[in-house]
Amino acid sequence: MTGTGSIGRRLTLLLAGVAALLSVLSWGMVTMLARQAAERTQDNVLAASVTAIAETLRSEQGEVRLELPYSAFSMLGAIGEDRVFYTVTAGDRTLTGYADLPVPDGRGGPGRIVFATGTYRGEAIRIASVTRVVLAGTSPVPVTVTVAQTRDGVGTIAADLSQLAAILAVAFFVVAVGLSAIAARTSLRPLKELTAAVSRRGPSDLRPLRRAAPSELAPLMGALNRLMDRLNLSLRRSEDFIAEAAHRVRTPLATVRTQAEIALRSVTDDADKQRLRQMIRAVDESSRSAGQLLDHATVAFRADDLPRAPVDLADLAARTVAALEPTAAMKEIRLQLDAVPAQVSGDPVLLDSALRNVLDNAIKYSPEDTVVHLQVMSIAHEARIAVTDQGPGLGEGPARALTERFRRGSNTEGIVGSGLGLTIAEEVLRAHGGRLDLGAGERGKGTCVTLVLPSS
Amino acid sequence: MRYLLVEDNRELAEAVIGRLALDGHAVDHAGTLAEAEDCLAVATYDLILLDVMLPDGDGRDFLARSRASLETPVIVLTARAQVSDRVGALDQGADDYITKPFDFSELEARCRAVLRRRGGSARNQIALGAALFDPLAGTLSHGATSVDLRNREIRLLEVFARHPGQILSKGQLMDRLFSYDSDVTENAIEVYVGRLRRRIDGMGVRIETLRGLGYRMETDTA
Ligand SMILES: Nc1ncnc2c1ncn2[C@@H]1O[C@H](COP(=O)(O)OP(=O)(O)OP(=O)(O)O)[C@@H](O)[C@H]1O
Ligand SMILES: [Mg+2]
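Chains as they are written, first to last, in the working numbering: chain D, 1 to 456; chain G, 1 to 222.
Hints may be right or wrong, so weigh each one.
The list that follows gives simulated cross-link-like pairs (lysine-lysine, DSBU-like), each with its CA atoms no further than 30 Å apart [as the list claims (entries may be wrong)]:
{"#": "1", "chain 1": "D", "residue 1": "364", "chain 2": "D", "residue 2": "331"}
{"#": "2", "chain 1": "G", "residue 1": "170", "chain 2": "D", "residue 2": "331"}
{"#": "3", "chain 1": "D", "residue 1": "192", "chain 2": "G", "residue 2": "170"}
{"#": "4", "chain 1": "D", "residue 1": "331", "chain 2": "D", "residue 2": "192"}
{"#": "5", "chain 1": "D", "residue 1": "192", "chain 2": "D", "residue 2": "273"}
{"#": "6", "chain 1": "D", "residue 1": "273", "chain 2": "D", "residue 2": "364"}
{"#": "7", "chain 1": "G", "residue 1": "170", "chain 2": "D", "residue 2": "445"}
{"#": "8", "chain 1": "D", "residue 1": "445", "chain 2": "D", "residue 2": "364"}
Part of the chain G face toward chain D, derived, beta carbon under 10 Å [as the list claims (entries may be wrong)]:
{"#": "9", "residue": "9"}
{"#": "10", "residue": "10"}
{"#": "11", "residue": "14"}
{"#": "12", "residue": "92"}
{"#": "13", "residue": "93"}
{"#": "14", "residue": "96"}
{"#": "15", "residue": "108"}
{"#": "16", "residue": "109"}
{"#": "17", "residue": "112"}
{"#": "18", "residue": "145"}
{"#": "19", "residue": "148"}
{"#": "20", "residue": "152"}
{"#": "21", "residue": "171"}
{"#": "22", "residue": "213"}
{"#": "23", "residue": "214"}
Covered stretches of chain D (in silico footprint by chain G; criterion: 3 or more residues with CB under 8 Å from a CB of chain G, positions within the stretch not fixed) [as the list claims (entries may be wrong)]:
{"#": "24", "stretch": "250-263"}
{"#": "25", "stretch": "325-338"}
{"#": "26", "stretch": "442-451"}
Please keep in mind that the hints were generated in silico from the structure rather than gathered at the bench. Everything numeric in this text was worked out from a predicted model, so none of it was measured. By construction, the Cβ of each residue, glycine as well, lies at the ideal position given by its N, Cα and C atoms.
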């Protein structure tokens, strides 16, 4: 599978990107506004200052007079440590102040305050100026009052505000990233839950998903369910197919076996009899193998996703004994069952097949006229079924090896089998968290096979 | 005993019928579920042998449908051999199942076991002179005395009881007592006949040896 990245990460990144953009934008805006506000304040103060000075203009004996009110400068002092310059000109004559202070062009007409920005003595300044017409004697004289101030204070205020704005923007960004991570996680949670619900399932669990999900996930769930349906159908079809195939193979085998058995009864020649017996045996071998292989596959299939139900081993043993009683009776073998209730939790179908294989062996390998003893026990945390026979025993060599696939013992001559019985039993027990113990019977004679399961 | 065999494979059906007839059972044969329903409508059976895959349907569906109204025990003959199928057959109300291909001796053994479990023995007692033989329960009683017989002894006595007064060869007896692959010799028959003789001694039933021919059962007349 090639990943195209994580939706969660992508969503977080997207949200964080938006947050970053918003932070920068808002920081920029605040900075700009702060500067504007500071500038406007300066302008207002400068305007007030020029107005205050201009107010004092009057004419006295044909001369233009003025006073420089203290307040006109003190209000400028409010803005930081900035230096203040002023000049008052009447026509081309400088009445007072710095003669070289640049004066903005006096458009705007009389009484209008004009602002400008410039440099003076190497410093950036903001200039406000107003022109009034004063009657000096008989001739009207335009008098221009100009006040300028350096802009350090404005810069400082703007920088301070901008720094504050930057801190706020960063804080906003951090919070936004956190929130977007959380948002991404919560909005993806239903997806995660859906994933968990699907992956918790065993391979054979193809029931449709039935869970509440946000409407965005409904199509996905619908698609999943449809896929599951189709899978289920094709699985059931292939199971049916296998069953059908088994049926088709076994039915003619049954006919062959039947005919051979009938023929066996009518032929008299020993060699012919022998041939027919071999034929019947071959049929039995192949049908036994087919059956055991199928069972083995079933075990492997079901063990992945063990359907568990409460099972009483005493009941199980009683049922299995009843099922195999006729087989045992054919060999005059008596099945003797001693049982106490022993509860386990497991798949009844698999447990049945495990015990059946073990009991089948005990009957198959025991001589006629013997007893096979089944004991169901419950010891500490374990429930057990011990199957003891009076047969030939498991022979030389490690008993464990007999649980290997297709492994048959040395005592099997003339006995039909595929070597899968103990494999099946062991795998069933292992899937249930139990084990299969192989040993000798009482006083070292015969065989004792014990199915051990954890009690429930 | 009256059996109904529902099986679409002719050869197999004929062989099963032939084999069961040897035991003195009457067997009706139905090749389809429809025929089986017709048979069940007109006759009562002691046991039904039912194939699961029939041309007109699934034997298990038939079983599930008719189980409620049907008292008769059913043994399912199945070529589908998965564990789940086998357990399924029992869940659906079959008394037992046997997978094809099967050993006739095993089929007989299973039929007997099912009939015995279903308590069908009362109707199936055979009078042997003054004694009463119950092949399902495996008892032979004579007046107040009764003996329990072991499996092969029952089989042996049953064969004799089904063929009163007939001479049965060792070969014939062997076929009925042992499945094909037991490596038994005719000596084994002598052993079992000997055992049976000892068991039923004094019950008014005797098994005579006819040298070179075989055996014949004789009974005291009541
Ligand atoms: N009760 C027993 N007594 C003696 N030998 C046994 C017994 N149980 C198992 N064995 C030995 O263990 C071997 C493996 O048993 P297992 O059931 O796996 O295979 P099998 O019986 O040969 O074939 P099948 O798959 O048909 O059961 C047997 O071949 C036999 O030699
Ligand atoms: Mg085995």
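Evaluated hints:
1. Note on residue 364 of chain D and residue 331 of chain D: the hinted pairing holds, with a Cα-Cα distance of about 9 Å set against a maximum of 30 Å.
2. Of the supplied pair hints, the one linking residue 170 of chain G and residue 331 of chain D holds, its CA atoms being roughly 19 Å apart against a limit of 30 Å.
3. Using a Cα cut-off of 30 Å, the hinted pair residue 192 of chain D and residue 170 of chain G is violated, with the two alpha carbons roughly 76 Å apart.
4. At roughly 60 Å between alpha-carbon atoms, residue 331 of chain D and residue 192 of chain D are farther apart than 30 Å, so this suggested pair is violated.
5. Of the pairs offered as hints, the one joining residue 192 of chain D and residue 273 of chain D is violated, with about 69 Å between alpha carbons and a cut-off of 30 Å exceeded.
6. Pair hint residue 273 of chain D plus residue 364 of chain D holds up; C-alpha atoms about 23 Å apart against a cutoff of 30 Å.
7. With a C-alpha separation of about 35 Å, the suggested pair residue 170 of chain G and residue 445 of chain D falls outside the 30 Å cut-off, and the hint is violated.
8. Simply put, residue 445 of chain D and residue 364 of chain D have alpha-carbon atoms about 16 Å apart, close enough for the 30 Å limit, and the pair holds.
9. With a cut of 10 Å, the hint placing residue 9 of chain G at the interface with chain D holds, because the nearest CB-to-CB distance is about 6 Å.
10. For residue 10 of chain G, the suggested interface contact is upheld, since its CB lies about 9 Å from the closest CB of chain D, less than 10 Å.
11. Given hint, residue 14 of chain G at the interface with chain D, holds; its Cβ is 8 Å from that chain's nearest Cβ, closer than 10 Å.
12. At its closest, the beta carbon of residue 92 of chain G sits 14 Å from a beta carbon of chain D; the interface hint therefore is violated under the 10 Å criterion.
13. The interface hint given for residue 93 of chain G is violated, since its Cβ lies 15 Å from the closest Cβ of chain D, which is over the 10 Å cut-off.
14. Satisfaction of the interface hint for residue 96 of chain G is found here, the shortest Cβ-Cβ separation to chain D being roughly 7 Å, below the 10 Å cut-off.
15. Using the Cβ-Cβ criterion of 10 Å, the hint placing residue 108 of chain G at the interface with chain D is satisfied: the shortest such distance is roughly 9 Å.
16. For residue 109 of chain G, the suggested interface contact is upheld, since its CB lies about 4 Å from the closest CB of chain D, less than 10 Å.
17. For residue 112 of chain G, the interface hint holds, since its Cβ comes within 10 Å of a Cβ in chain D; the closest pair sits about 7 Å apart.
18. Interface restraint check: residue 145 of chain G against chain D, minimum CB-CB distance 23 Å, threshold 10 Å, status violated.
19. Against a cut-off of 10 Å between C-beta atoms, the interface hint on residue 148 of chain G is violated, since the closest Cβ of chain D lies about 12 Å away.
20. Of the supplied interface hints, the one on residue 152 of chain G holds, with its beta-carbon coming within about 6 Å of a beta-carbon of chain D, less than 10 Å.
21. Given the 10 Å rule on beta carbons, the hint for residue 171 of chain G holds: about 8 Å separates it from the nearest Cβ of chain D.
22. Taken as an interface hint, residue 213 of chain G does not check out: its beta carbon lies about 15 Å from the nearest beta carbon of chain D, beyond 10 Å.
23. For residue 214 of chain G, the interface hint is violated, since its Cβ never comes within 10 Å of a Cβ in chain D; the closest pair sits about 15 Å apart.
24. Beta-carbon proximity to chain G at under 8 Å applies to 11 residues in the stretch 250-263 of chain D; the threshold of 3 is reached and the given coverage holds.
25. Judged by the Cβ-Cβ criterion of 8 Å, the stretch 325-338 of chain D is covered by chain G as claimed, because 6 of its residues qualify and three suffice.
26. Judged by the Cβ-Cβ criterion of 8 Å, the stretch 442-451 of chain D is not covered by chain G as claimed, because only 0 of its residues qualify and three are needed.
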